[in-house]
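Sequences and hints are given; from them, build the entire structure.
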Amino acid sequence: MAETTEVLEEKKVKVKEREPLFSKKNKKLISDPLDENNPVTIQVLGICSALAVTVQMKAAVVMSISVLFVLILANVTVSLIRNLIPNRIRIIVQLVVVAALVIVVDQVLKAYLFDVSKELSVFIGLIITNCIIMGRLEAFALGNKPWPSALDAVGNSLGYGMVLVIVSFFKELFGSGKLFGVEIFGNLAEKTGLYSMGYMDNGLMLLPPSSLILVAIYIWVQKIRNPSLIESH
Amino acid sequence: MAINKDSNTYTIGFAIVLVIIVGGMLGMVANGLKPIQDENLKNEKKQYILNCLPGNKLITRDQAGDKFAEFVKQRLILNYNGEVVENTLLNSDNEVDIKNTNDAFSIDLLKEYKKFVQPITNKFKGEELENKLASESNIHYPLFICQVDGETYYVAPVMGKGLWAAVWGYIALDKDGNKIEGAVFDHKSETPGLGAEITQDGFEDQFIGKLISNKDNYRPVAVNKPGNPLNEYQVDGISGGTFTGLGVEEMMRRTLIVYHKYIKNLNRS
Amino acid sequence: MDLVNIFIRSAFVDNMIFAFFFGMCSYLAVSKTVKTAVGLGLAVIFVLTVTIPINFLIENYVLKEGALTWLGEEFSSVSLNYLTFIMFIAVIASTVQLVEMIVEKISPALYGALGIFLPLIAVNCAILGGALFMQEKQFATISQATVYGLGSGVGWFIAVVLIAAIRERIRYANIPGPLRGVGMAFLITGLMGLAFLGFMGFEI
Numbered sequence: 052m053a054e055t056t057e058v059l060e061e062k063k064v065k066v067k068e069r070e071p072l073f074s075k076k077n078k079k080l081i082s083d084p085l086d087e088n089n090p091v092t093i094q095v096l097g098i099c100s101a102l103a104v105t106v107q108m109k110a111a112v113v114m115s116i117s118v119l120f121v122l123i124l125a126n127v128t129v130s131l132i133r134n135l136i137p138n139r140i141r142i143i144v145q146l147v148v149v150a151a152l153v154i155v156v157d158q159v160l161k162a163y164l165f166d167v168s169k170e171l172s173v174f175i176g177l178i179i180t181n182c183i184i185m186g187r188l189e190a191f192a193l194g195n196k197p198w199p200s201a202l203d204a205v206g207n208s209l210g211y212g213m214v215l216v217i218v219s220f221f222k223e224l225f226g227s228g229k230l231f232g233v234e235i236f237g238n239l240a241e242k243t244g245l246y247s248m249g250y251m252d253n254g255l256m257l258l259p260p261s262s263l264i265l266v267a268i269y270i271w272v273q274k275i276r277n278p279s280l281i282e283s284h
Numbered sequence: 108m109a110i111n112k113d114s115n116t117y118t119i120g121f122a123i124v125l126v127i128i129v130g131g132m133l134g135m136v137a138n139g140l141k142p143i144q145d146e147n148l149k150n151e152k153k154q155y156i157l158n159c160l161p162g163n164k165l166i167t168r169d170q171a172g173d174k175f176a177e178f179v180k181q182r183l184i185l186n187y188n189g190e191v192v193e194n195t196l197l198n199s200d201n202e203v204d205i206k207n208t209n210d211a212f213s214i215d216l217l218k219e220y221k222k223f224v225q226p227i228t229n230k231f232k233g234e235e236l237e238n239k240l241a242s243e244s245n246i247h248y249p250l251f252i253c254q255v256d257g258e259t260y261y262v263a264p265v266m267g268k269g270l271w272a273a274v275w276g277y278i279a280l281d282k283d284g285n286k287i288e289g290a291v292f293d294h295k296s297e298t299p300g301l302g303a304e305i306t307q308d309g310f311e312d313q314f315i316g317k318l319i320s321n322k323d324n325y326r327p328v329a330v331n332k333p334g335n336p337l338n339e340y341q342v343d344g345i346s347g348g349t350f351t352g353l354g355v356e357e358m359m360r361r362t363l364i365v366y367h368k369y370i371k372n373l374n375r376s
Numbered sequence: 143m144d145l146v147n148i149f150i151r152s153a154f155v156d157n158m159i160f161a162f163f164f165g166m167c168s169y170l171a172v173s174k175t176v177k178t179a180v181g182l183g184l185a186v187i188f189v190l191t192v193t194i195p196i197n198f199l200i201e202n203y204v205l206k207e208g209a210l211t212w213l214g215e216e217f218s219s220v221s222l223n224y225l226t227f228i229m230f231i232a233v234i235a236s237t238v239q240l241v242e243m244i245v246e247k248i249s250p251a252l253y254g255a256l257g258i259f260l261p262l263i264a265v266n267c268a269i270l271g272g273a274l275f276m277q278e279k280q281f282a283t284i285s286q287a288t289v290y291g292l293g294s295g296v297g298w299f300i301a302v303v304l305i306a307a308i309r310e311r312i313r314y315a316n317i318p319g320p321l322r323g324v325g326m327a328f329l330i331t332g333l334m335g336l337a338f339l340g341f342m343g344f345e346i
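Protein chains in written order, with the numbering used here: chain U, 52 to 284; chain P, 108 to 376; chain C, 143 to 346.
Wrong hints could be hidden among the right ones.
Taking lysine to aspartate or glutamate and the EDC-like style, the derived pairs with C-alpha atoms no more than 16 angstroms apart in a straight line are [what the hints assert, rightly or not]:
id : chain 1 : residue 1 : chain 2 : residue 2
1  : U       : Lys169    : P       : Glu146
2  : C       : Lys206    : C       : Glu278
3  : P       : Lys152    : U       : Asp166
4  : P       : Lys222    : C       : Glu310
5  : P       : Lys218    : C       : Glu207
6  : P       : Lys282    : P       : Asp323
7  : P       : Lys152    : P       : Asp169
8  : P       : Lys295    : U       : Asp166
9  : P       : Lys180    : P       : Asp200
10 : P       : Lys295    : C       : Glu278
11 : P       : Lys206    : P       : Asp145
12 : P       : Lys174    : P       : Glu202
13 : P       : Lys149    : U       : Asp166
14 : C       : Lys206    : P       : Asp215
15 : P       : Lys332    : U       : Asp166
Not everything, but these chain C residues come out facing chain P in the computed CB check (under 7 angstroms) [as the list claims (entries may be wrong)]:
id : residue
16 : Tyr224
17 : Glu278
18 : Gln280
Footprint (simulated), chain U over chain C, 3 or more residues, beta carbon under 8 angstroms [as the list claims (entries may be wrong)]:
id : stretch
19 : 235-243
20 : 265-277
21 : 311-323
Simulated from the structure, these hints should not be mistaken for laboratory data.
Think of the CB as a built atom: it goes at the ideal place given N, C-alpha and C, for glycine as much as any other residue.
See below:
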């Protein structure tokens, strides 16, 4: 059974070979995860890190970039060896590939880009456990050629990053009155700007439960705009 | 496909090859880059020490390596009673040597914290805690004596834990051991935007001018809930970063008492 | 720290889901019905209780600086810390696979109940999270680590069964269309998380 589907796939792949690099199908790989197949709000992957790093926009952007980087590398690597991986241990193999990539990236950064690595150190563990990476490896890279896999990685990490950035925008703005660390609503200690009128930051916005509620609102808005995504239950 | 991918032999063979490749690669990368990483860590530590001195906050990590000897005149190790441990007094002519266990710079506070301090702080409170800390000779208290524009400053490292993992810092005390003249903090993995804010100037600079001494008796600095009026022994914590703030308070309370004793004794004699 | 204390702390105060939001993906995926939630919850308890002690041994006899001293004095300064992630992950994934095979052979009934959940668990970040917390907490004995694993698992079980029960109830409620399913699950978890914030910093 498994072999026949594989043969079929091989054939499909051969037909695809003459496609232009950015064919309609390939473009869809990037655009789909941004909306109707968003990894966070629709596929429900990578929630833990989405909740942990959205207090600040800067952290959200750094996390998105590192996921982009690791996901591309992992997707391409797994896609390259996809025909060699024994089926029974494929999850272990994928986990090992991801963990090894993350460690290598971490070690290289520690040596040559020390400041970036300090910025990232908090996220390293979160990247390995980010189920988007495992999810995409399992769902896409195992059955596709390296180039579409790379595009899929780009699309999904952008979709992930988009949710992170939007959620962190609201959390940072209303939680601490800042964006990217720049004071927007004035200075709390010196009572300037909005604070002079008695405005207070909403401390609840800084706590993890508020990201869950913000993601829920994000899903709400997204599904109002695109009713085909509404679930029956 | 000639090879049966589901056979045991293939699976085991694949696993072995994978382990060898991955293990070899990681080992090579980790060992090959270790010297550069160690150098970075060394310079980072130097940078912390220099950054907490007044007017030196902007020294970068690359500069810190060269400027260290210019500012740090002496380094030594204290015991809990504030006495200098034998043979540990080094001056700026001695190059920093992380292999020399008598060099204050080589003390790995994180390791000592996990191995010796934490078992004590987890179990005991109050006076008993102090007695236990005093009787544990494996805990070292490194001190860096610095000169900036002719003024003497004592830079004391502190190490504790926040919500997730280690938090640490370097505190500059004035020559009388009464006042904090500068502070830098850092952390391993506190939550960005909450606990991680302790590394921001807004938090660190609050400590400047705070007192640790009340009529020559030690009095620790408290990290308060933000938004309340403060006296000269209190600073504002971070909203949402309560546990990190508690960690900062605890490590300063536990450690600075030693340096306070040392400086007071030094000035008395 | 006695064992009861560790258990209560890890199950309620430091609840994997509500305090750290670990293992959210599978938590949201299987909480549609109580039955599947109980299945995965039990599997998580089981895997955490098995892997945490194994990882404890790995940490203390392989990874930590000086952990390899049992091989000989010359290894006393070797630190394999950089391998932490990959070792823990490998232990978890292979334990899961091993358990799957053993359960399949010994008790087909149990396999029928848990089987489909086991592969899901290898990628559940609560398991790796638990191992990393265990490393951070520096437990003194293996029994403490085991109890910690058991407690974390029970905490996760409670959380997933609670939300599954709520989701079953609200199936008949008139929820705005776009919020149905995942959206509502997020909202409920947020509210439950707020309630569990009350446990934060609880000392026993």
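We went through each hint and held it up to the structure:
1. U:Lys169 / P:Glu146: The given pair, whose Cα atoms are some 15 angstroms apart, holds under the 16 angstroms limit.
2. C:Lys206 / C:Glu278: holds, 12 angstroms
3. P:Lys152 / U:Asp166: Holds, because 13 angstroms separates the two Cα atoms, which is no more than 16 angstroms.
4. P:Lys222 / C:Glu310: violated, 48 angstroms
5. P:Lys218 / C:Glu207: With Cα atoms ~10 angstroms apart, P:Lys218 and C:Glu207 stay inside 16 angstroms; holds.
6. P:Lys282 / P:Asp323: holds, 13 angstroms
7. P:Lys152 / P:Asp169: The given pair, whose Cα atoms are some 11 angstroms apart, holds under the 16 angstroms limit.
8. P:Lys295 / U:Asp166: Measuring from Cα to Cα gives roughly 13 angstroms; hence the hint holds.
9. P:Lys180 / P:Asp200: holds, 8 angstroms
10. P:Lys295 / C:Glu278: Cα-Cα ~11 angstroms, so holds.
11. P:Lys206 / P:Asp145: holds, 12 angstroms
12. P:Lys174 / P:Glu202: Given pair P:Lys174, P:Glu202 holds - Cα atoms ~12 angstroms apart, limit 16 angstroms.
13. P:Lys149 / U:Asp166: holds, 14 angstroms
14. C:Lys206 / P:Asp215: holds, 15 angstroms
15. P:Lys332 / U:Asp166: violated, 31 angstroms
16. Tyr224: holds, 5 angstroms
17. Glu278: Hint holds; C:Glu278 Cβ to chain P Cβ min 6 angstroms, cut 7 angstroms.
18. Gln280: holds, 6 angstroms
19. 235-243: That given contact holds, which follows from 3 residues of the stretch 235-243 of chain C lying within Cβ reach (below 8 angstroms) of chain U.
20. 265-277: holds (count 5)
21. 311-323: holds (count 7)
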